[in-house]
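Engineer: Take a look at the letters that make up each chain.
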Amino acid sequence: MSGGFPALLRKEVLRFWKVGFQTVAAPVVSAILYLVIFSHALAAHVEAYPGVAYAQFLVPGLAMMAMLQNAFANASSSIIQSKITGNIVFILLAPIGPGEFFAAYLLAAIVRALVVGAGVVLAVAWLVPLPLPNPAWLLAFAFTGAGILGALGLLAGIWAEKFDELAAFQNFLVMPLTFLAGVFYSVESLPAFWRAASRLNPFYYAIDGFRYAFFGRSDVAPATSLAIASAAFCALSWLTLRLLRSGYKLRH
Amino acid sequence: MAIPAVEVRDASKRYGGVRALDGVSLAVEQGEFFALLGPNGAGKTTLISALGGLVRPDAGTLRVMGCDTVTEYGAARRLLGIVPQEIVFDPFFTVRETLELQSGYFGLRDNRAWIDEILERLSLAAKAGANMRALSGGMKRRVMLAQALVHRPPVLVLDEPTAGVDVELRQALWSFVRELNAAGHTIILTTHYLEEAQNLCSRIAMMKAGRIVALDSTRKLLEAFSERVLRVKLESGALPPGLAEGVSRDAAGWHCIPVGGAAQVEATLATLREAGARVAHLEVAEPELEEVFVRLMAADGRRAA
Numbered sequence: 001m002s003g004g005f006p007a008l009l010r011k012e013v014l015r016f017w018k019v020g021f022q023t024v025a026a027p028v029v030s031a032i033l034y035l036v037i038f039s040h041a042l043a044a045h046v047e048a049y050p051g052v053a054y055a056q057f058l059v060p061g062l063a064m065m066a067m068l069q070n071a072f073a074n075a076s077s078s079i080i081q082s083k084i085t086g087n088i089v090f091i092l093l094a095p096i097g098p099g100e101f102f103a104a105y106l107l108a109a110i111v112r113a114l115v116v117g118a119g120v121v122l123a124v125a126w127l128v129p130l131p132l133p134n135p136a137w138l139l140a141f142a143f144t145g146a147g148i149l150g151a152l153g154l155l156a157g158i159w160a161e162k163f164d165e166l167a168a169f170q171n172f173l174v175m176p177l178t179f180l181a182g183v184f185y186s187v188e189s190l191p192a193f194w195r196a197a198s199r200l201n202p203f204y205y206a207i208d209g210f211r212y213a214f215f216g217r218s219d220v221a222p223a224t225s226l227a228i229a230s231a232a233f234c235a236l237s238w239l240t241l242r243l244l245r246s247g248y249k250l251r252h
Numbered sequence: 253m254a255i256p257a258v259e260v261r262d263a264s265k266r267y268g269g270v271r272a273l274d275g276v277s278l279a280v281e282q283g284e285f286f287a288l289l290g291p292n293g294a295g296k297t298t299l300i301s302a303l304g305g306l307v308r309p310d311a312g313t314l315r316v317m318g319c320d321t322v323t324e325y326g327a328a329r330r331l332l333g334i335v336p337q338e339i340v341f342d343p344f345f346t347v348r349e350t351l352e353l354q355s356g357y358f359g360l361r362d363n364r365a366w367i368d369e370i371l372e373r374l375s376l377a378a379k380a381g382a383n384m385r386a387l388s389g390g391m392k393r394r395v396m397l398a399q400a401l402v403h404r405p406p407v408l409v410l411d412e413p414t415a416g417v418d419v420e421l422r423q424a425l426w427s428f429v430r431e432l433n434a435a436g437h438t439i440i441l442t443t444h445y446l447e448e449a450q451n452l453c454s455r456i457a458m459m460k461a462g463r464i465v466a467l468d469s470t471r472k473l474l475e476a477f478s479e480r481v482l483r484v485k486l487e488s489g490a491l492p493p494g495l496a497e498g499v500s501r502d503a504a505g506w507h508c509i510p511v512g513g514a515a516q517v518e519a520t521l522a523t524l525r526e527a528g529a530r531v532a533h534l535e536v537a538e539p540e541l542e543e544v545f546v547r548l549m550a551a552d553g554r555r556a557a
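In the order they appear, the protein sequences are chains R and X.
Each step along the first sequence adds one to the number in our numbering, with nothing skipped, and position 193 is 193.
Each step along the second sequence adds one to the number in our numbering, with nothing skipped, and position 107 is 359.
Hints are computed from structural coordinates only; laboratory data are not their basis.
Among the clues, some could well be false.
Said to hold, decoys possible - A short list of chain X residues far from chain R (calculated; beta carbon distances all over 12 Å):
(1) P256
(2) G390
(3) A400
(4) H403
(5) A415
(6) Q423
(7) L432
(8) N433
(9) Y445
(10) K485
(11) E487
(12) A519
(13) A550
Unchecked claim - Simulated coverage check for chain R against chain X, where a stretch passes if three residues somewhere in it have a Cβ under 8 Å from a Cβ of chain X:
(14) 14 to 26
(15) 94 to 104
(16) 218 to 232
(17) 240 to 252
Said to hold, decoys possible - Once the Cα atoms are required to be at most 30 Å apart in a straight line, the calculated DSSO-like pairs of lysine-lysine come out as:
(18) K392(X) / K249(R)
(19) K162(R) / K83(R)
(20) K162(R) / K392(X)
(21) K162(R) / K249(R)
(22) K83(R) / K249(R)
(23) K83(R) / K18(R)
(24) K18(R) / K472(X)
(25) K392(X) / K83(R)
(26) K18(R) / K379(X)
(27) K392(X) / K379(X)
(28) K18(R) / K249(R)
(29) K379(X) / K83(R)
(30) K162(R) / K18(R)
Beta carbons: idealized from backbone N, C-alpha and C, even for Gly.
This is chain R alone, in the form it adopts within the complex:
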């Protein structure tokens, strides 16, 4: 430990906080728009769980989707901006080890995700009743889901050399995986093939488990979801740390 971790974490949190209108307020507004539009358009047609209104069903999924996307965006855009502008040199010249580097970027991504997620839930809580019988699960899935995407964001930021490469990663991997993770519907309602395909998507477990915290109902048992999501987080973290240790695309 070099002792550089707190400063790097502080820098990463300040970085998004200083442009909070764009990094926090905007995703909260998007999530609310999704909620208003989809709940209005589909409320009459869909009942995912008995006794849970469609608008209620949507809230945890939208909140988690916003968290996943923002955790990814925070880590990946910070690293690629620093790489392209060149100011990453000041971090690389400091005695910050790979573990500290990883932890600082990851934790900042999680902080942004939690702020955005809390923003979404609090903004709609007075419109849509949210029972929340299991707050411990809420925290467990919030951290794990944000962790998976934070680690993936680091990975993408390290790997991408240009903004369009990162955009491709975001548009062709992160967006489809979050949209198809059961945000707008219960995966149980899908045809068998898509149900099976959805079960290969680790984001699905983060959303399903998160929803369990709010309603005490889910497609998959929450402990199973948490185990799978945690495994995905560990695998991505291991890979990212390996790349950081080797200096891949950072130390040439």
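With chain R's structure known, arrange chain X on it following the hints.
Structural biologist: Leaving out everything else, chain X in the frame of chain R:
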């Protein structure tokens, strides 16, 4: 004998087919003001980057104050400050925030007094609260120097610090760096302004194609590779044939006669007098580093390596 400030042994680095570093070895003693010269692409920046851990050498070792830059990177980086060549900054932060964060990266919690001092010394105090984006190029460069100094490193490396910098700032920069050197900091400098290296540095390494082609004290390099030139303008008569070897004539009609030292100046003038030539004007040009540089770069890069 004290540990060298920087010690490089057989450092090699390839990028595809290009040998950016081709078996470089050199030692810089503590307290030296050392210049690293060479044309673009000679490997200077790669060598500096390897010292800072930005580049991983394929082979060889690099040490800063005895600490290996790979196996003891934490200690090595604490002992080293590097001012990168390109102007880079983080547009999210003010000058003071930039320096506080940089201190934090080195684990320094309360560095305010030293930050204030550097800001003062680099005439940045009035801009402490300004966003980095709002600074001129010269100011950004000074902030970069400040960033390299936040952890008070004993070894400071400046990679072309005066490229595109105005005269006033250049003077201020050099007086500050000279003070740091006088206070015991080892300074390593790369520059394209050879007279800067000649004036400031006691020892010089010249690089070409990833190799060190000359490494000696500034004085010895000047003596070995350069010579004084006797410049004369004749009122009447002509150069005797015995003197003609190696003599060139410039556009203004000056004859440039290479001479080894003061004794040869006298002998040359005597020869001219005997040949009936009358000297109208005369001057002796001292050796210049630029000439050393040009000669070494024109020669086969392997001769001195």
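Engineer: Within the segment 14 to 26 of chain R, is the number of residues with a Cβ closer than 8 Å to a Cβ of chain X three or more?
Structural biologist: holds (count 4)
Engineer: Does the no-contact call for Q423(X) survive, Cβ to all of chain R over 12 Å?
Structural biologist: holds (26 Å)
Engineer: Does the alpha-carbon distance linking K379(X) and K83(R) stay inside the 30 Å limit?
Structural biologist: Given that 30 Å is the threshold and the Cα spacing comes to 26 Å, the pair holds.
Engineer: Holds or violated: are the alpha carbons of K162(R) and K249(R) at most 30 Å from each other?
Structural biologist: holds (12 Å)
Engineer: Is the straight-line distance between the alpha-carbon of K18(R) and that of K472(X) 30 Å or less?
Structural biologist: violated (55 Å)
Engineer: Has the segment 94 to 104 of chain R got at least three residues whose CB is nearer than 8 Å to a CB belonging to chain X?
Structural biologist: Check passed, 4 qualifying residues.
Engineer: A519(X): least C-beta distance to chain R exceeds 12 Å?
Structural biologist: holds (56 Å)
Engineer: Decide, holds or violated, for the assertion that all CB atoms of chain R are farther than 12 Å from the CB of P256(X).
Structural biologist: holds (20 Å)
Engineer: If you look at each residue in the segment 218 to 232 of chain R, do at least three have a Cβ nearer than 8 Å to any Cβ of chain X?
Structural biologist: violated (count 0)
Engineer: Taking the shortest Cβ-to-Cβ distance between K485(X) and chain R, state whether it exceeds 12 Å.
Structural biologist: holds (52 Å)
Engineer: Are all C-beta atoms of chain R more than 12 Å from that of E487(X)?
Structural biologist: Fine: 60 Å to the nearest Cβ keeps E487(X) off the interface.
Engineer: Does L432(X) really sit off the interface, with its C-beta more than 12 Å from all C-beta atoms of chain R?
Structural biologist: Non-interface label on L432(X) holds, nearest chain R Cβ at 18 Å vs cutoff 12 Å.
Hint compliance for this structure: hints 3, 4, 16, 24 are broken, all remaining hints hold.
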